[in-house]
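**Q** Fit chains C and Z to the given chain Y structure using the hints.
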Amino acid sequence: MNPQDLPRWATSLLLPILNLLSALLVAGLVIYALGESPLESLGILVNSAFLNPEGLGYTLFYATTFIFTALGVAFALHTGLFNIGGEGQMYVGGLGMALVVLNMDAHWGPWVVIPLAIACSALFGAAWAFLPGYLQARRGSHIVVTTIMFNFIAASLMNYVIVSLLIPVGQQTTASRQFAASGWLPRLNEWLPVLGQTPVNISFLLALAALAVYALVMRRTTWGYGIRAVGLNPHAAHYAGVSIKGVVIGVMAVSGALAGMAAVNSEMGSAHQLGLNFTAGAGYIGIAVALMGRNHPIGMLLSAVLFGGLIQGGFDLSLEKSNIPPETFVFIQGLVILFCGAMENLYAPAVAGLLRKMKKPSTA
Amino acid sequence: MDSIQLSSILVAMVRGAPVLLFAALGGLFAERSGIVDLGLEGKILGSAFASASVAYATQNPWLGLLAGIAVSCMLALLHGYVCIQQRGNQLVSGMAINIAVSGLTFVLAQFFFQQGGRSPSLDEGRFAVLNIPGAQALADVPGLGWLLRELLGGHTILVYLAFLAVPLVHWVVNHTRFGLRLRAVGDNPHAADTAGIHVGRTRYLALLVGGVLCGLSGSYLAIVQTGFFLRDMSAGNGFLALAALVFGSWRATHTAIGCLMFAFFTSLQIQLEGVALPVVGKVPGSLIQMIPYVVTVIILAGFMAKSIAPKAIGVPFVKSR
Amino acid sequence: MALVTHGEGAPPGVPVVEFKGICKQFGAVKANADVSFQIRKGSIHGIVGENGAGKSTLMSILYGYYHADSGQILLNGEPAPMRNSQEAIRRGIGMIHQHFMLVDTFTVLENIMLGVEGALVLDTSFKAAEKRLRELGSQYKLEVDPNARVENLSVGAQQRVEILKLIYRGADILILDEPTAVLTPQETDALFAILRVFRDQGKTIILITHKLQEIFALTDRVTVMRAGTVVGEVDTATSSREAVAQLMIGRAIESSLPRAPYQPGAVVLEVAQLNLHNAQGVKLLDKLNFSVRAGEIVAIAGVSGNGQSELLEVLAGMRLPSSGELRYQDQRLPYAGRHDADGLPAVYRTLGIAHAPEDRLREGLVKANSVALNAILGHQKDAAFAARGLLKPEAILAHAERLVREFDVRPADPQLRVGLLSGGNQQKVVLGREIAARPTLMLIGQPTRGVDIGSIDTIHRRLLALRDAGIAIVLVSVELEEIRVLADRIIVMCGGRMTGELAAQDFDTTRIGLMMGGVSQTVSP
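Residue numbers (this note's numbering), protein chains in the order written: chain Y, 1 to 364; chain C, 1 to 321; chain Z, 1 to 525.
Chain Y with its partners taken away, still in its complex shape (with noise of 0.2 Å):
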């Protein structure tokens, strides 16, 4: 068997599991170089992160930010664009959410100011992520090149904007001011009590909305017929007379409109107000999470969830552990994209050749 005809279960599963075991056994190293046991840890923090009610909330209240980001990169890259802006659509996703909360808060009621607001977060990162789209399909302008540009413009204006622009006179925190009530996002606690006090909100219910829409329109629509067949083959997505360019830009504006919702999350859901850098690598980490979870809507689901479990577990770790700090979780947010996104046929000879084996006997 060639490694190129393994069986569905094997390249959705199988190997995506043993490069993450890969990514969390040079971690393990790490850690043991470090002077802990690395058990001991991992047994720290899934019980931070997943066992208890409380852990568990954060962890959801991660993952929601990265399901939205991780569904801008899986958009992106079903027509094989890799779009790196998420970070830079996501900060400009706030503002827009932020120019209608500030704006509105104080007349209009959260039946109004809410879907507004998120509805204005998908537009403005949908801007942001427009021109990168037009200038690749238009001009050839390599995407990961100008979306690293746009990432960094995108810094420097909000920088500004926050700074100069919207943070009240006398305020210490570089933020806006707080939203009015009518932009504060419900919390799942509410319905929920067992999660204690978490700031799950529910755009956590919208995040599984949007990974539902996603797979419906990957697989349901004609659209997303196209967007696949641009990926999987140009050639023949040109001879089914799909517009490629049109492909592109419109893919590229709702990957930067799902990045965008990513700031609803934090912004509206926990800290009320627009905090500068408050992206905080959130769309780098939902690229890791959309090359673990190789696209599929379940697979990112269960991998933002992983992260959003790294991330809360990992900071309970940090508290417990000096010598593991939360970045640590970044190192292996890094080692995860390297095995899952780079390297992700690393095994597929191995198990090809497996398989072959295993096949053998029956042939007698």
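Restricting the straight-line Cα-Cα distance to at most 35 Å, the calculated cross-link-like pairs of lysine-lysine (DSBU-like) are: (1) Z:Lys-283 <-> Z:Lys-367; (2) Z:Lys-20 <-> C:Lys-319; (3) Y:Lys-357 <-> C:Lys-319; (4) Z:Lys-141 <-> Z:Lys-41; (5) Z:Lys-30 <-> C:Lys-319; (6) C:Lys-319 <-> Z:Lys-131; (7) Z:Lys-41 <-> Z:Lys-127; (8) Y:Lys-357 <-> Z:Lys-30; (9) Z:Lys-131 <-> C:Lys-311; (10) Z:Lys-30 <-> Y:Lys-360; (11) Z:Lys-367 <-> C:Lys-319; (12) Z:Lys-127 <-> C:Lys-319; (13) Y:Lys-245 <-> Z:Lys-367; (14) Y:Lys-359 <-> C:Lys-319; (15) Z:Lys-392 <-> Y:Lys-245; (16) Z:Lys-367 <-> Z:Lys-392; (17) Z:Lys-367 <-> Y:Lys-357; (18) C:Lys-311 <-> Z:Lys-283; (19) Z:Lys-283 <-> C:Lys-319; (20) C:Lys-311 <-> Z:Lys-367; (21) Z:Lys-367 <-> Y:Lys-360; (22) Z:Lys-381 <-> Y:Lys-245; (23) Z:Lys-287 <-> Y:Lys-245; (24) Z:Lys-30 <-> Z:Lys-367; (25) C:Lys-311 <-> Y:Lys-245; (26) Z:Lys-283 <-> Y:Lys-245; (27) C:Lys-319 <-> Y:Lys-245; (28) Y:Lys-359 <-> Z:Lys-30; (29) Z:Lys-41 <-> Z:Lys-30; (30) Z:Lys-367 <-> Y:Lys-359; (31) C:Lys-311 <-> Z:Lys-127; (32) C:Lys-319 <-> Y:Lys-360.
Example chain C residues on the side facing chain Z (calculated, C-beta under 8 Å, incomplete): (33) His-175; (34) Thr-176; (35) Ala-184; (36) Asp-187; (37) Asn-188; (38) His-190; (39) Ala-192; (40) Ile-197.
It should be emphasised that the hints constitute simulated quantities derived from the structure, not laboratory data. Remember, predicted model here, so these are calculated numbers, not experimental data. Cβ coordinates follow ideal geometry from the N, Cα and C atoms, glycine included.
**A** What follows is chains C and Z alone, placed relative to chain Y:
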């Protein structure tokens, strides 16, 4: 207007350029051989950590420099393994290395030094400053005195090395056998292969040279510019270096101009902070900070000059026969 | 590495190259079966044949790319097993491919020196090399400026660089594979002049071609191959085009399938003065004029690479023509004013034009998708398969099941990944899909390439049924048997031009062979 000193901006530019120059020239080798190297940021950061730590531990900047180069080369070889051996996605590999290094350097710094993720300051373990002989004597000559004492003289050796590297790299790429083969492998690896050149080996070598140069970048950043390691101190310089490469169409001299321009804007931004200009008033530093990136996008869109990348960049090489 | 000479060559009478019983098999296909012939030193030797005759395989063996399964190659009388192409180069054999192995951004000098630079620092060794190149250039009439950048050179000049590269490395035997495919007529003449100089200087040239004009303008001796074997050898001076054409085709080709009487209807497609050139200015299609009526099959014959693929691409909307007029059902095809062909195939499809592409895996199928999803490729927005942007899975599955049943696709599982099917079954999916769209005009490229014998017959009967039902069909094929079975009219293309047109009843292998070889024949009334 007198609070803006063009002279100090220029000196700051000269002091700030080496980080970009070394990294961009390092990236030039990798990319001209056909490998996309987004990992410049990670190499700068990794070598910054290694050099600062070793320089502190041994109180010897040269050993620190060697450590920085070693770490950067290791990262370069890792990237090479993923891209050449595993034929993996080169963009993802570079990004992954950046993120992994960002996390790991902090963790290790915290582990070794217990100072919140930074390394202790190097007071003694830094490079000596080189002065141009006779500059002191001419100190009172207007213009020339400043030129010799502050702008051209009075820098550490790595600064001079960075500027010397530009014509050196240009010469190596355009006038040596290695440079010829490097460019062939990056523009048409099949033609190079037919001519009997080992594509994979050439690319590994290019990555290694890039690793050395990036190691110089990070070591300069940590030992000379700052004096200690701080989390994420590469601060986007790796991506600015990449932007300089695009700006310079992957040619040594043009890229160097790009690096100088970016370094200029960075120093300008620091100087302009809070200063009221005649017509526009106070220009926020963040908006000036944006300029290099906007310029790069304009070039990418093909509006200024065409940026021509090595033809075969980013495509893993598979022998056709 | 300085210029290497390979001795004075063989003693007179001993051929410079001799093939003895060369056999090479790829799977079930016998690419070369017991090929034996000799090539004299200081001659221009042609190897001629249709697609699949085995010419390129034989040369690849000589050049060390492949190893023969059995048989021997002798150079100057000595056995010379060729392990790889580096060894072939060392033995003085050089090959010019159809796709040049040049680095566009390099100068001529840099390209030639690549791999044999002579020193770590280039400047001095390059000066010496430049001097040597100018000498060689004037000796062999290969005028090229060593300091010109390759990307600024014409295709003909680039080819001269490739030749100079080989001469510099001491090649005594030059193999050229279809060298004039990319040249203008003037460049072709220039190339011929250079090759004659080479021969006069004692070098040996092996010319692979299917163009009879080249054979008779240039070669001393010709080996004709067909289906992997040598079917004839002639001295060009004493032979004729007809004789070579006949040897090339060399068999009686009969039609054997039932078809309704030929009663074509209205004109469906009209092609007028169609021209296409690529970015380098090479003419891919040259003043094509023909029409296709309902209920007829117009077959485009010719060795592949003579513009047939490009013609299909233009007719299917995948590519814009450079100039000319295309009328479909008496309306101009809607490509005017377009910047590129992005999205155009969809428009053509709605007009009733179906297209089964030559390269089914590259353009006609998405390998990773199921048979069912491939069965609607190009029709994903049709009302039958989608409503308001949503696909209709049951309708798509039903359609796929019908297709699989009707065309006997095996395995008969519409959910199977199409990449796992055999070539023949993949082709059935493509054809079935296009036929099911009930087109008015059907464009087909190489319908039975890689298809098993049993399925070939099925496909042919299917196409004839379409034609009997009144559909206009344009068929591109390199298989003369297939053309004989299917065509009502035959158009032969060579070098992007129509070299002849004839009716099915005038099918004559010699005439067609001549036309395929580039010899224009006026249409007989």
